[in-house]
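The whole structure should be built from the sequences, with the hints applied where relevant.
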Amino acid sequence: MPLADTIRPETLDGFVGQTHLVGEGNASAGLSAGPLRKAIEAGHAMSFMLWGPPGTGKTTIARIYANALDADLHQLSAVDAGKDDLRDVVEAAQMSGKQTVLFLDEIHRFNTSQQDFLLPYVEDGTLVLIGATTENPSFEVNSALLSRTRVFSFKPLSEDEIAEILDRADIEMSKKVRHKAAKVANGDARQAIALIEAADRLYDAVTVETLKKAAADKHVRFDQDGEEHYNTISAFIKSMRASQPDAALYYLARMIEGGEDPKFIARRMVIFASEDIGQAVPTALVVANAAFKAVQKVGLPEAEINLADATVYLANCKKSRASYNAYRKAQKDVNEYGNLEIPKRIRNAPTELMARRGYADGYEKYDDKDMRPDKLHGRKYYG
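If you read the sequence shown in the numbering used here, its first letter stands for residue 124, the second for the next number, and so on.
The set of hints was computed from the structure by calculation and includes no laboratory data. Careful, some of the hints might be misleading.
Unchecked claim - Below are the DSSO-like pairs computed for lysine-lysine, each with C-alpha atoms no more than 27 Å apart in a straight line: (1) K503 / K441; (2) K492 / K452; (3) K416 / K386; (4) K498 / K488; (5) K335 / K306; (6) K361 / K206; (7) K386 / K361; (8) K298 / K336; (9) K455 / K467; (10) K278 / K161; (11) K221 / K161; (12) K335 / K386; (13) K361 / K488; (14) K416 / K442; (15) K492 / K455; (16) K361 / K441; (17) K278 / K298; (18) K361 / K442; (19) K416 / K206; (20) K361 / K452; (21) K306 / K278; (22) K467 / K452; (23) K278 / K299; (24) K442 / K467; (25) K442 / K455; (26) K336 / K386; (27) K416 / K441.
Rendered as structure tokens:
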């Protein structure tokens, strides 16, 4: 059995972190218990979303909650599950007649159609849905499904919290090693546990040195100065900027094969279309936006072709940062001069009093006079 499952608590008594959600509270200090603790202790059935970084306890909370409800728990990952898997869970729930909890990890990976499939079963109580996501549910979960759930935000675990979790492992190691693993994990208990487990299996003892070797074997940046996915997305963007479609496709494939969220890639492409292409090829934004919508509707693996097609198009486009640079100049003036008085001739004048004060006086639809505050007249932003 993996170490993570061995040390995973079955009740809130052993749960570490997220005190804003599962804390016991303090009546004498006027502090109430966390909302998730209240729901779990009351055995109150409700669907909810757990939003936060990986390795912060989302899966553990889902299991504790299902135990508290004495419910059948079905666990799926949206990375590799589809509608057929969802149908199987629904049929099992309908046949059992027992409270059924569906824990759907990475729910943001499901496309609109897949998420819509869940709606009637969440609404009629066939399923209690617990969705876990690292992405903002407001953008990644259908509004209809979101309106039927509560959202709880999880925070990265502190170094001390992760060290406390590691202390439960039946592996001999020093306090220094536990804290080093916790530091490397950067808020992700799952990564810290995997690192300790790898060092224990590969080497005679778990020390700082064997931890470093295990980190290298697992391709973990031991210093944690940055995350590899930021390096790869940077290389992807810079390859498109340099008009190198082959290089851009390589980094695109590397991200997709490495498990990167395709919507994260598509969002960056939408930004790139305006920031680096802009007025040089105005349709670039249309193409990038279409790719983003395709990813939302189709999902992987098919959406990789949509992303590849858009990547080649954007890389081959003529580049211009004129709009981007112009906006930065305007932004600089706003920050430097604050909210300068807007000329009266272009102000709104919905009332007689405003008109008497000169609002909209002298305004002409095709006026060639500078519309900006007097202090900024003649300043060039674009072109």
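Verification of the hints:
no. : hint        : in the structure
1   : K503 / K441 : holds, 23 Å
2   : K492 / K452 : holds, 20 Å
3   : K416 / K386 : holds, 9 Å
4   : K498 / K488 : holds, 22 Å
5   : K335 / K306 : holds, 12 Å
6   : K361 / K206 : violated, 37 Å
7   : K386 / K361 : holds, 19 Å
8   : K298 / K336 : holds, 18 Å
9   : K455 / K467 : holds, 23 Å
10  : K278 / K161 : holds, 19 Å
11  : K221 / K161 : holds, 22 Å
12  : K335 / K386 : violated, 33 Å
13  : K361 / K488 : violated, 42 Å
14  : K416 / K442 : holds, 23 Å
15  : K492 / K455 : holds, 22 Å
16  : K361 / K441 : holds, 14 Å
17  : K278 / K298 : holds, 24 Å
18  : K361 / K442 : holds, 12 Å
19  : K416 / K206 : holds, 20 Å
20  : K361 / K452 : holds, 23 Å
21  : K306 / K278 : holds, 15 Å
22  : K467 / K452 : holds, 24 Å
23  : K278 / K299 : holds, 24 Å
24  : K442 / K467 : violated, 38 Å
25  : K442 / K455 : holds, 23 Å
26  : K336 / K386 : violated, 33 Å
27  : K416 / K441 : holds, 23 Å
In this structure, the hints that do not hold are numbers 6, 12, 13, 24, 26, in rising order.
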